[in-house]
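> From just these sequences and the hints, can you work out the full model?
Chains as they are written, first to last, in our numbering: chain A, 28 to 293; chain B, 14 to 345.
Some clues are possibly wrong.
Unchecked claim - Label pairs and their calculated CB-CB ranges:
#, chain 1, residue 1, chain 2, residue 2, range
1, B, Y21, A, G147, 20 to 26 Å
2, A, G50, B, V106, 26 to 32 Å
3, A, N193, B, A284, 44 to 50 Å
4, B, I130, A, G192, 33 to 39 Å
5, A, E54, B, T285, 53 to 59 Å
6, A, L228, B, I288, 57 to 63 Å
7, A, L228, B, F287, 56 to 62 Å
8, A, G196, B, F287, 48 to 54 Å
Stated by the list, open to error - Anything over 12 Å on all C-beta distances counts as not near chain B; from chain A, calculated:
#, residue
9, E43
10, D105
11, G196
12, E219
13, R283
Read the hints as simulated data drawn from the structure, not as lab findings.
A virtual CB, placed ideally from N, CA and C, is assigned to each residue, including glycine.
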Amino acid sequence: MSLSVEQERQRAPGDEALLSVAGLRREFGGVWAVADATFGLRRGAITSLIGPNGAGKSTVVGIVGGAIAPSAGRVVFDGADITGLPPHQRARIGLVRTYQLSSEFGRLTVLENLLVARPGQHGERIRTLLYGKRSWRRQEAELVDQARVLLDRFAMSGMEDEYAGNLSGGQKRLLEIMRALMCQPKLLLLDEPMAGVNPTLAQKIEGYLAGLAAEGLTMLLVEHELGLVERLSESVIVMAQGKVIATGTMPELRARPEVLHAYLAG
Amino acid sequence: MNAAFTFYATTILVYLGVDILAVWSLNLQYGVAGIYNFAWIMFQAVGAYTAGVLTLGPATGNGGFQQYILGLRLPEPLPLLAAGVVSGALALVVGIVALRRLRTDYQAMVMLVISVIAVLVIENVTGLFNGPAGLSLVPQPFGSLPLSSLGYQWFYVALTAVVCLIVYLFVHRVTSSPLGRALRATRDNEDAAQALGKDVVRLRLFVFVLGGAIAGISGAVLIQFIGAWSPGSWAYVETLVVLTAIIVGGTGNNAGVMLGALLVPVAFNEATRFIPQFGRPGLVDALQWIVIGLLALAFLWFWPRGIIPERRRRFPGTPAVSAQLADPGEVA
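So, in structure tokens, the structure goes:
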């Protein structure tokens, strides 16, 4: 059953919701990029965020990820209000995002891109410098093993020593997803993961995301390709002109005139 | 080998040591962490002044012809260590202002402005470090050792080498550790690093302070060797020489930037010193600056990674194979 925006707003963030946002607003120079966004994400499910260009989807992802401060509203993650929390602290509690544009660490190898992703490593602490390698080498070896398992799973084992900057656009997408997984996320925000990816690789990425969902990873997917959204998502949130105008499954949303109007009228 | 040449060679070796400290310092900030510190020379200068006024006796000595603060006549290595601490502390203050809220290009502008302001302040507040005339007659450390003039030159070369070795061990530990990897990640993509849990401001502040401290130590080693330091030694363009050495040698590579220190501030400057003067007075010096600028541009255009590029880090063991796969859920 689909919930109307009003019903969604009235529903208290229940135990099921890993993330809930309420009354989110963000103004840029007099323009409301996000005028009113309230929704929740169920644990263990893929929820998609769709809408025409300029609907405010990326701004919402930016606010949830912590890169953009909201003008009003709040963000609750795993029971804690994280509205004012900086991005790096959000990542440390399991809220991890990917970007619309490739964001690889170009002068690090593929394997290093994965190793650097795990927050709170012993070897990143300044005092560790005084103790030497022994204090962080074991953790590093474990991370290398985990990274190689991921590389194998995403069919990129042969590329571990390649500079990330030399990868193709699609491979960079895969790397970004792997890197986010190395962060051990509770919630993964995927901002247009298929942008600029060829159809064959897009199909592969879709398979990987479905696999991760089957393992119980909660994801918020921002995507324009509605067929993909329908195949992957349990629930879909529709935004237009900065507001959440509907939530539900894709078949339900297709029957909603306001959704059709938003897409047809932009 | 005659005495004059030995004197010249040992002097060059000390300069090389100072330049190596300089490039390691700026490489940590620019090459590893991506901070455009165009005020680098200021941190070296503050270290030099600090060591100078801590090594000199009271300003009333020598007929009071110099005006400066402190004049504590502290024994070595206290002035050297204090130079690192004071420059590091200044880097912390500058870093808090410039690195917390500003992005790289704005940081570069702020640093350049700070560097220019610093020279003007030191020139005009003459009671601090003797204004435009600068400090002179700074005693050499361990000057009471029973060494000949040449013997002391070699002694100072060894002292510089020991300082370089200690600094290298620390710099290498930073750059080869996961901390160094996190710094390189923030250099390559600040937003993505933040989104993966890296406290970018804290990381940058750390490396800025560490680089500042090393710059200060390099200034201390230099002033204690040449015995003088004035605003003419640290115009903002001096930072560009160190930056060019890093670009030529290999940005991000400790060995590469050492080579850069040998090639640019030492070999290039020394080689061009013997060019006969021509044209109007000062033309050859001006051409030196132009060539250094062109050298940086040429490398950025044709060999952006430098002569010895940043090392590709490989890890022992072999890539995983499907048969050995752990439960992917453990990773996810």
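> Of the hints given before, which are not true for this structure?
When the structure is compared with the hints, numbers 1, 2, 3 turn out to be violated.
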